[in-house]
Each structure stands twice: as structure tokens, then as C-alpha cells.
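These are the residues of each chain, in order.
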Amino acid sequence: MSRSKKMADGALTSPLIRKPIQRMFAVFLLPTFVCFCIGFLWPFIQGIYLSVHSFTTTTNVKYVGFQNYAKAFADQGFRQAFGYTALVAAVSLVLINVLAFFVAYALTQEIRGRNLYRSVFFIPNLIGGIVLGYIWKTIIDSLLPVSMSIQANYGFWGLMVVMCWQQVGYMMIIYIAGLQAVPMDMIEAARIDGANGWKTLWNITLPNVMPSITICTFLSLTNGFKLYDQNLVLTNGAPVRRGIGQTEMLALNIAKTFSTANQRGVAQAKAVLFFILVTAISLIQLRATRSKEVQQ
Amino acid sequence: MEMAKERPREKMTSGQKALSVVFAVISVIWLLPIAIVLMNSFKENGYVNSELFALPNANSYVGFSNYVNGVTFGNYPYFLSAGYSVYITVVSTGLILLCTSMAAWYISRVNDPFSKVVYYLCVFSMVVPFQMVMYTLANTARVLRLDMPWTIPIVYLGFGAGLAVFMFVGFVKSIPLEIEEAAAIDGCGPLRTFFSAVFPMLKPTLISVGVLEIMWVWNDYLLPYLVLDITVYRTIPIHIQYLQGSYGRVDLGATMALIVLSLIPIIVFYLACQKHIIKGVAAGAVKG
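Top line first, the protein sequences correspond to chains B and X.
Following the working numbering, the numbering of the first sequence begins with 1 at its first residue and continues without gaps.
Following the working numbering, the numbering of the second sequence begins with 1 at its first residue and continues without gaps.
These aren't lab readings, by the way, just hints derived from the structure by calculation.
It cannot be assumed that every hint is accurate.
Unchecked claim - In the DSS-like style, the derived pairs of lysine-lysine whose C-alpha atoms are separated by at most 30 Å in a straight line are:
hint: 1; chain 1: X; residue 1: Lys17; chain 2: X; residue 2: Lys116
hint: 2; chain 1: B; residue 1: Lys226; chain 2: X; residue 2: Lys275
hint: 3; chain 1: X; residue 1: Lys17; chain 2: B; residue 2: Lys256
hint: 4; chain 1: X; residue 1: Lys17; chain 2: B; residue 2: Lys19
hint: 5; chain 1: X; residue 1: Lys279; chain 2: X; residue 2: Lys17
hint: 6; chain 1: B; residue 1: Lys226; chain 2: X; residue 2: Lys17
Said to hold, decoys possible - The calculated label-pair distances, taken between Cβ atoms and stated as ranges, are:
hint: 7; chain 1: X; residue 1: Gly83; chain 2: B; residue 2: Leu283; range: 18 to 28 Å
hint: 8; chain 1: B; residue 1: Ile150; chain 2: X; residue 2: Leu31; range: 26 to 36 Å
hint: 9; chain 1: X; residue 1: Asn57; chain 2: B; residue 2: Glu188; range: 33 to 43 Å
hint: 10; chain 1: B; residue 1: Leu283; chain 2: X; residue 2: Asp186; range: 26 to 36 Å
hint: 11; chain 1: X; residue 1: Thr13; chain 2: B; residue 2: Gly194; range: 41 to 51 Å
hint: 12; chain 1: B; residue 1: Arg23; chain 2: X; residue 2: Ala182; range: 11 to 21 Å
hint: 13; chain 1: B; residue 1: Asn115; chain 2: X; residue 2: Tyr87; range: 26 to 36 Å
hint: 14; chain 1: X; residue 1: Ile267; chain 2: B; residue 2: Phe102; range: 24 to 34 Å
hint: 15; chain 1: B; residue 1: Trp157; chain 2: X; residue 2: Thr72; range: 35 to 45 Å
hint: 16; chain 1: B; residue 1: Leu206; chain 2: X; residue 2: Asn75; range: 53 to 63 Å
hint: 17; chain 1: B; residue 1: Ala181; chain 2: X; residue 2: Phe269; range: 46 to 56 Å
What you are looking at is a predicted structure, and each value in this text was computed from that prediction instead of being measured.
We put the beta carbon where it would ideally sit given N, CA and C, even for glycine.
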């Protein structure tokens, strides 16, 4: 990596190859840039524009100022979805990370068959949210006295089971990578100084895997906030009480609002709020955990 | 990130032996949901509901008839959606790998203000949730006539470019310039330099990005659901989700069989390139 410090901002370049590449802009950068505009940039800009308009299609648009935002804030269903999503994200964050860390910790010890166990834990992560949701919906609903779509509590814990099953293996991989980078001599020195297993774990291992913890908390928190497929399949927001889906998360609430033609402006305003929320959480999270990392 | 860097093996203590046994049990439990689905795919529809956890017996066992029913039931043929899934995943991943690696090389070697702007927009796009653009993206795709299975890879390239460009730029920055300069002195144009010198060196990142894109596109539900006309074109996740609505009462046995069919490619993919998948996932996680 030391080579890449040649230029102030870390990019390597040379006049010998720079000019010829620049002349081939249309071949190298243009295709990706055009698609990026179609698939992200234009929809994003149009999304912000439409959030202050009332519209049924993109050609039938009327400026309404911040009315959509006011309606979004006043929407009981949206507020319920916000609270529920925050709860799901917070509880799943703790469960997934604690489980994943201890699985990773155990599977970096000298135990027989650990590579096989690692592979097993990772498998569910490859299964997409829809299929995964169906597998668990079938199993959980037949274990419980009533379906998850009738009892909101069951829906919540069912979702926790599904999220853990899917994400523990993924986070485990990141924790294993972190644990393997902990200097062995530090652990041995602590042992010689008389620190027991827990003390070594707490004082030596944990501070050294802080970068992995940063990545994993950040990932599981945003995963929780953006969850859609599993929520759709497991309960689809049900049970509904006074017109409000008790297990409806933000992403599902927004998607449902879009499907009502005269609510699209409100849906787009909700989507902008959702975007701001997810971005803000990512930034705060990143700063908060980064500051606790061991300086090396 | 190297998974190969293991500590030297010592003799197992009794505690480690116990831990090994505990994990053997947990691993079996971890795979139980998949085993239950597999088991029930051989049971008659009625028994799937009433005795989900029982092994198939003489009464409930129906052989492969669930599979035969599964691929034909509903109002959409299963293998057509499997075909669309394979096509869209392969073409989208190929297109993303080719275009974004070229773009990343341009961005890091030219490094002019425009390239920097594109790069930072790509990084920015990684944190934007799909709901933010779901309506406008589907609409844009429809207006530009990109709402067909053959053209949806362009939409995937657009929405997925962020992570891919980010990962490729990170890698290209670490490639020494001398090779490219030597190629230029020997009279190679940028295209030849890229494809004969740079592209082969990108191999580890190509695999990592490829794995991430395959997993994303194959499992994606909302984007094809919004962009495609789902009465005509379905992918596997859409097919599974629509089994309920399309047939009145759901044939659970057949649903189980279809879930098994949809898991087979994933398991094969995992067994074939497990190392690359784990590396790719670990590399993709380290964004930011």
C-alpha cells in the first residue's frame, strides 16, 4: 500500500498512460456512467423532486411543498413502523453479534472439525430472503399454537430467529478474520502474567477485534433497518389493529404506500426520510465505534 | 482476511473435545430447517401441514410426485422462472464485472475531477436504501424500455455499480504502474493494456465482486418484481412468493419441492467455490 501514496489523494497515475486512457473515455467510463445515471442517479434526484409533489404518474405532477412530509409524520402506520423497525434492528443487532462473536471465538480454538462447522453456519446466508422466509414460516407456524400473523409477539421473535439464522454465519466470518489477526504473543504474554481466559478475552482479544465489531454492528444495524423480504413473507405486517400493521417495518410500509396511487407523494417523502435515517445511523455508528478502536 | 493463516495445531484438551461435540450438535440443529424442507418434499400435501416434523412413512410418502406437481402447478411454469433467474444473474454479473472494472481503471488512472465525482457518487450510492429509488427506478426503466429480462442487466449494472466500482478502485490503486507503462512503451493502446495486463491481475477482486453480485441478483426480489411485467416474466423468488396468490389453496408438498429445487443451485454453487464465496463476502463487508 505504500506505493499508492505517490499522489496526495492516494491515486497512482502516469502521464504516459493517463492521456491515452482519457481519450478512450467513451469506452471505459461512459457505459458504466450512463447505466449509473439510469439505475441510480436520475431515480435518486427524481425521487427527491417527487417527494415535494403530489403525483399519480411522473407526468401528472403538482407541487405541494412539504405537505407530503407533514402527512408522513402524521401517519400512525408509519410511526408504528418506525418504532417496530428500531426495535427489530436493536434486538437483532445484539443477538446476532453476541452469537456470531462467540461462535467465531469457539471456532478459532483448536477443535476438531471447525472448518466444517464454519461452513455449516455460513450456508443460510446464501439463501435469499423470500425462500428463507418461507422455510421458517412453515416451520414456526406449525410449532406455535397460533400463526405468527395472528400474534404480533410470535411474529417478532420469529423474525429474530430468521435474522439470526441468516446473518450469524456471515458475521462469524468477519469475526474469525478479526480474531485471527490478534497477535498471538499478546495473548501469551497475558497468560504468563496470570490473566485467566475471561480476562484475556476482555482485555486483549476484544480491543483487538474492535475493527470487526465496527463492521459487524454497522452491517447488522443497517440490515435490520432495510429488512424487507423476510418481513413480507413472514407476516406481511399482520396482525392489523385499527388499520395499522403491528409487525410492519419501514421498508414494507413504504412499499405498501406506493401501491396506493393517490399516496405516492407521501410514499416518496417517507422514502426520503428513510434514506436520511439509514444514512445518519450509518455515519453515527461508524464514528462511535471507530473511536474505540486500538490504534496500531 | 486470509482464512489460511491458522495457528499451529496442539493436542486437544478435554474442554476442546467437549466444545467440538457441542458444535457437532449445534451444526445439526442449524441445518435442521433445510432437512425438514427436504423431508417434507416427499410427503403428501395433507401430511405436510399435520405432521411437519415426522419422517415420511408408508402413508405419507409420495416419491417425486411433489416435484412433478411443483414444476407445473400454479399458473406459471417453474423452469421458465429458473431460466430467467439464471439468465439475468449470469448476464448482469458479467456486465457488472466487465464495465465496472474498466470504469474503475479509468477512474484511478485518469483521476480528473469528473472521475472523482463519479467515484464519490458510487460510494454514496452504497448507503442509499432501495426504497428511496424504487418507484422512480421502475418508472425510468419502463420509460426507457428496459423492463424486459434481456435488458434488466442494464438496470442491475446501474444500481449495483457503486459497490463494484468501490472494490475495483481499491484494488487498482495497489497495482504498480510499471507494467502498464511498459505496455504503453511497447505500443499497446489502453484497450490492449487493460485486457492483456490489467484485467488478469484483477482476478481476486473479479471473483469477490462476482460472488457478491451473483448472490445479490439471484436472491433479489423487489427489483425484478417492480421492473418486469410479472404476469409474463418471473424469477425464482417471485415465483415462490406468487405460489400462494395464484392457486387459491397452496399445495404445500409442491411448495416444499420447489424450495428444494431452488436450493440445489445455491448448495452446488457453495460447494464448488466455498473458499471464494467466503473471501468475497469478507471483502465486501469491509466497505467504508
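**Report entry** Contradicted hints - numbers only
**Finding:** 1, 3, 4, 6, 7, 9, 10, 11 and 17
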